[in-house]
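Participant: Here are the chains, one letter per residue:
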Amino acid sequence: MVVAVTTVASFEIEYRRYLDPSGRPERSLPAFARDRDALVSLYRALVLTRAFDAKAIALQRTGRLGTYPSCLGQEAVAVGLGDAMAPDDVLLPYAREQGAQFLRGVALTELFLYWGGDERGSDFRRAREDFPICVPVASHAPHAVGVALAFQLRNERRVAVCVSGDGATSKGDFYEALNVAGAWRLPVVFVVTNNQWAISLPRSAQTAAATLAQKAIAAGFAGGQVDGNDVIAVRDAVHRALSHARDGAGPHLIEALTYRLSDHTTADNASRYRDDESVGGHWREDPIARLRAHLTAAHGWTKDEEEATLASCAAEVERAAEEYLATPPQPPEAVFDYLYESLPADLAGQRAAAAEAQAAAARSDDG
Amino acid sequence: MVVAVTTVASFEIEYRRYLDPSGRPERSLPAFARDRDALVSLYRALVLTRAFDAKAIALQRTGRLGTYPSCLGQEAVAVGLGDAMAPDDVLLPYAREQGAQFLRGVALTELFLYWGGDERGSDFRRAREDFPICVPVASHAPHAVGVALAFQLRNERRVAVCVSGDGATSKGDFYEALNVAGAWRLPVVFVVTNNQWAISLPRSAQTAAATLAQKAIAAGFAGGQVDGNDVIAVRDAVHRALSHARDGAGPHLIEALTYRLSDHTTADNASRYRDDESVGGHWREDPIARLRAHLTAAHGWTKDEEEATLASCAAEVERAAEEYLATPPQPPEAVFDYLYESLPADLAGQRAAAAEAQAAAARSDDG
Amino acid sequence: MVQALNAALARAMAEDERVLVLGEDVGIDGGVFRVTDGLLDRFGAGRVRDTPLAETAIAGLSVGVAAQGFRPVAEIQFMGFIHSAVDQLVCHASRLRWRTRGRLTCPLVVRAPYGGGIHAIEHHSESTEAMFAHVPGLRVVIPSSPARAYGLLLAAIRDPDPVLFLEPKRIYRALKEEVPDNGAAAPLDSCFQLRDGDDLTLVAWGAMLVETLAAAERLAAEGVTADVLDVATLSPLDMGTILRSVEKTGRCVIVHEAPLTAGFGAEIAARLVEHGLLSLRAPVKRVTGYDTVPPLPRLEHLYMPSTARVLAAARETLAYS
Amino acid sequence: MVQALNAALARAMAEDERVLVLGEDVGIDGGVFRVTDGLLDRFGAGRVRDTPLAETAIAGLSVGVAAQGFRPVAEIQFMGFIHSAVDQLVCHASRLRWRTRGRLTCPLVVRAPYGGGIHAIEHHSESTEAMFAHVPGLRVVIPSSPARAYGLLLAAIRDPDPVLFLEPKRIYRALKEEVPDNGAAAPLDSCFQLRDGDDLTLVAWGAMLVETLAAAERLAAEGVTADVLDVATLSPLDMGTILRSVEKTGRCVIVHEAPLTAGFGAEIAARLVEHGLLSLRAPVKRVTGYDTVPPLPRLEHLYMPSTARVLAAARETLAYS
Ligand SMILES: Cc1ncc(C[n+]2csc(CCOP(=O)(O)OP(=O)(O)O)c2C)c(N)n1
Ligand SMILES: Cc1ncc(C[n+]2csc(CCOP(=O)(O)OP(=O)(O)O)c2C)c(N)n1
Ligand SMILES: [Mg+2]
Ligand SMILES: [Mg+2]
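Residue numbers (numbering that gives the first Met the number 0), protein chains in the order written: chain F, 0 to 366; chain E, 0 to 366; chain D, 0 to 320; chain X, 0 to 320.
Just so you know, the hints here were simulated from the structure itself, not pulled from any lab data.
Mixed in with the good hints, there may be bad ones.
[Said to hold, decoys possible] Covered, in the sense of this in silico footprint (three residues per stretch, anywhere, with C-beta under 8 Å from a C-beta of chain E), are these stretches of chain D: (1) 3 to 15; (2) 22 to 32; (3) 86 to 93; (4) 149 to 156; (5) 159 to 168; (6) 281 to 292.
Nothing here was measured: the structure is a model prediction, and the numbers come from that model.
Where a beta carbon is used, it is the ideal one built from N, C-alpha and C, also for glycine.
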């Protein structure tokens, strides 16, 4: 029987990569990536991020930091997008964007403070408009829409960049944000770091969608995939999306394919749900080794330069760790301040009572 | 510059229609639609629905019914899907599916009671497993996923059918439901009645998506469009989706294109946000006239048959309205019962106090 | 009250271009209750925005645009649909200043019509103010007259922190009164004393002031005078005024439409017994909705606290000694 | 407590095949706190389901599958993430039986670890039980020991109506005790009396019983004896037991971790003054978290109610006359 059918819409999802896992270019590189200095600074950002990550885990293991989410193996996503952003764009991170935050001007000490359990870690001295880390998954996606709305209302050529994980794409707020961003053609770029896991849930069980990039189709704008372990591809894709958004052409979604080499956090034990061999295989995709290989082959990166880079990053991380460990906690009043611009009378009473309670506790041994 | 791009996924959205607005078949009709009796029963269901709708509005205007959402012009969507469903499938309606509910066995009197402000209107004597009308937009979509999960767990060849509007597709719970349904390959069909409006918001402002059918792409399953004013196309599309789901092939989304000829509800005044001319034009698409024209041309539908149908539907609606108006309200205790299977002691106290308060009010004139 | 709210919004938008109005049907339709009527024509589609049907996004994008220095006034069409916005209000709006030690702030107002008594359809009669009064960092404000609606909404919009502004829809059009559009804000930290008395303190907010004032009238006719306090700003709460009144009267009845258990009346009663036990000459009574779902229209009248119930409680309290 | 909860879940699944367990990471990972450890192996992926990361869907599909006769036990990984499920709990789970006059029901249990004191990251220390105790039709249950966790969880799963089951994560592993896996459910409508006394009534729930019992110990050493009541089932509330105790002691201190204002302690205090005023020989004190966000680990200890604060309040109450 003939069926009454006409095709009314069709869509495609593209994938981008420049460097193969061994660091060999598969295609001619984008302009920025032919400049040795540009690549070296990307490389240093990757190395610094990994050094910070290792130190954070070491501090946690020795009881000097709280639960911490490692970004081991995913550094290129954060570094690529952080490098592509303009200073006055606004970053809305999830939790594994250490590399991007550092490039944005967030101090290593600030991130140590935050994961060390001190609210001042979110009071960035630079990157004043960037959002703090967002623990409730995907709940920052609507914030990015609001930030982009502010840019649109003020006719500013700025873009909000929201980063989330593969698991976040299952949440309603993620989708609502995409839909409004599309409906209002807002300058916002959604970067989905697909590290293949949401704690113990593999990407394959998170959604039946063949790609996470196609989540954007439901919201009426384009999405694409990129090799998230190829920092050149990430930076290039994010840069394109940013220019597109700056020109008023609306939002874009980038799915960066990578792999979470670490446990979900220091509180997690991934061996309960995935076997180490399969994880080990992903080291072949290591974004740092990949860029180093390319630098060596194409730009004569030397052993001395490598060692100097490692050393300076290690030193920078050590300095930050010491500064963090030397930072005294906030005064007790900090429990009450910062909630309202000016302390309401009702809360002032509690603030006083609390001070009294502490004084009492100090006097007695009951505490 | 050559760019490193490969296409990793592509999608298409199809549109189906059998009868053009004048009732002329554009394609050979599906088997069921060549049977005069089948078409006549569909036709009667459409006429009955419109008669009920008119009566409900009349009752509301005369203060004998509460706020009511008319389905004028959209009857073919509900009738087509209601007719396609098997008795033991489960319907999760939004609010304009009167035609489907009647075909499922919900009594006209029950819907009058519900919109008249009586909870017993949701205690369907038949269609015992169907869900009641769902006022919080899209919040029933996850319920459909749960019902479908029950069918899957029991290996039953049953399907949950969730109906919502175009506005509902912007909500996070709608999307979360689609995503889980796709991930778990559940037997559920989502029908989106795109009547072009969400109260005052036109479909074009609801989302940048070219179609609402493509919302399914984000969830990893197929969606398609159908002419929602062609009851044959609706029934055919829903029937295909149901068989597909029954066979374990997972969910499907159908966007039924129609038009809300009425105000949003009896509490709304659509002339504030759309001009009557543009609305009037849509009468050319009237699903009832369309099927009648086809019945007349292809099956010798007579004036007598037409009048008999109108008369019997009018009579059925009148009987139901009288039954509704003659139904005394629930006893006062009904305010406390049905909340828990057995009344907790704490609530029993309030139940007694309430009875006392009423008695007092009855005695005095304070109430 | 609708006109007063509309005037306050227009005033706020005119005097501060950072003020935005957004929500479902707030534009050309002027809001389903017409509170935003005319704002689109006057201030344009940039600042008066119809949103897609998505409460989480409405609240969440408001947090984002507020962090950028705008002052969004977001409408949730009915309080029954505010639940999808709770996550954004609890995890973000109320905490952004706290989380960033004051670096980013959230000068946001979320407006929502609330309460029953208008024979509405399902999910259109809820009053869940107590759930929000429990959220640190979120102000909860409820007007009970056109004048207070005007002054409190202006204050809420000018406040640098997030405010949940609940509008008792039953009295949207009931109470008519001339409200001078003078831009004068009302205080966000004090109860309003609506009647003066010596024998009894009646505490209420929102539409329940109608029944409460009627009861006070009735009692006055019988020679019993009552303080009638409109709490207005549930959070932060002005307990001082209530304590002072009960110190004088020794007797208190609290009236609210929300269910009894864990309703906001409990907080007031608890503070009375904690800080005013000595002045209490009778048990503090609460006249509230029952711990049930608001019934559909046919039985709704059995649920709503009535003047008769307020009077009965008042008389019991007065009889106590 | 983790083992007791795990045993209760296993028992319930073994004795009733309609019982399902679902949530994020409840399968192979056994839940981030291991409460569902081993259930996947024993009962299979059909009945123990890892869900996508979507709390609204978790709650909503649980309502749907419950309406079909299953008995889902849904886990929300931390109470700080329950807000996205509020809409489903308030508008649907708690009302399905009511809305359909008993035709469709919702035998659903939503489990969530709650409370602070474990030096967790942001949004992992909340206690918002009061918001849910205000929802008619939703039971709110909180265990304070392994034995009560076992009995109350079994009762919650067997109950024909929706139950929010909050697990005080601070004592997940703190209190060790042998719990016989005898399938015996605990009552869902009564407080547990943990200590007997004459001078004072201490009321608490969840992890706060640790500080409360410690305070009672200390007072006993000083010759002051206290009734210690574990409310356990906040809603519906067993006020009778509390009233009887205060009738005896005349003095009451309520302890909870949640912020003071509109916390559940207010409901108990309010009922004491409404129904037990005559027996009150001192103001009812509440020792609670402050009306602030739970601070991050470095200052968290300043927020958590301490034994010292409970003692101070108890002594004030005892000194009062
Ligand atoms: C709304 C919400 N639910 C649950 C959690 C607990 N949780 C923290 S991270 C996480 C998985 C996130 O996965 P993904 O989005 O892929 O990001 P990833 O951690 O893999 O980078 C979960 C379930 C949370 N933080 N927020
Ligand atoms: C969550 C929620 N938000 C807002 C409303 C108020 N409301 C009722 S119907 C409606 C528009 C629905 O539009 P659509 O989904 O297209 O269905 P239609 O009414 O057009 O059939 C709105 C905003 C609601 N019922 N639920
Ligand atoms: Mg992930
Ligand atoms: Mg519509």
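Participant: Can you take a look at whether the region 281 to 292 of chain D is actually covered by chain E? Rule is 3+ residues, C-beta closer than 8 Å.
Facilitator: holds (count 4)
Participant: Can the region 22 to 32 of chain D be counted as covered by chain E under the rule of three residues or more with Cβ-Cβ separation shorter than 8 Å?
Facilitator: holds (count 7)
Participant: Residue count check for the region 3 to 15 of chain D against chain E: does it reach three with CB-CB under 8 Å?
Facilitator: It is violated, with 0 qualifying residues against the three required.
Participant: Examine the region 86 to 93 of chain D: at least three residues should have C-beta closer than 8 Å to a C-beta of chain E.
Facilitator: The restraint on the region 86 to 93 of chain D is violated, since only 0 of its residues have a Cβ under 8 Å from chain E and three are required.
Participant: Holds or violated: the region 159 to 168 of chain D covered by chain E, criterion of 3 or more residues with Cβ-Cβ distance under 8 Å?
Facilitator: Violated, because only 0 residues of the region 159 to 168 of chain D bring their Cβ atoms closer than 8 Å to Cβ atoms of chain E.
Participant: Can you confirm whether chain E covers the region 149 to 156 of chain D, using C-beta to C-beta distances below 8 Å and requiring at least three such residues?
Facilitator: violated (count 0)
In terms of the numbered hints stated before, the structure departs from hints 1, 3, 4 and 5, listed from lowest to highest.
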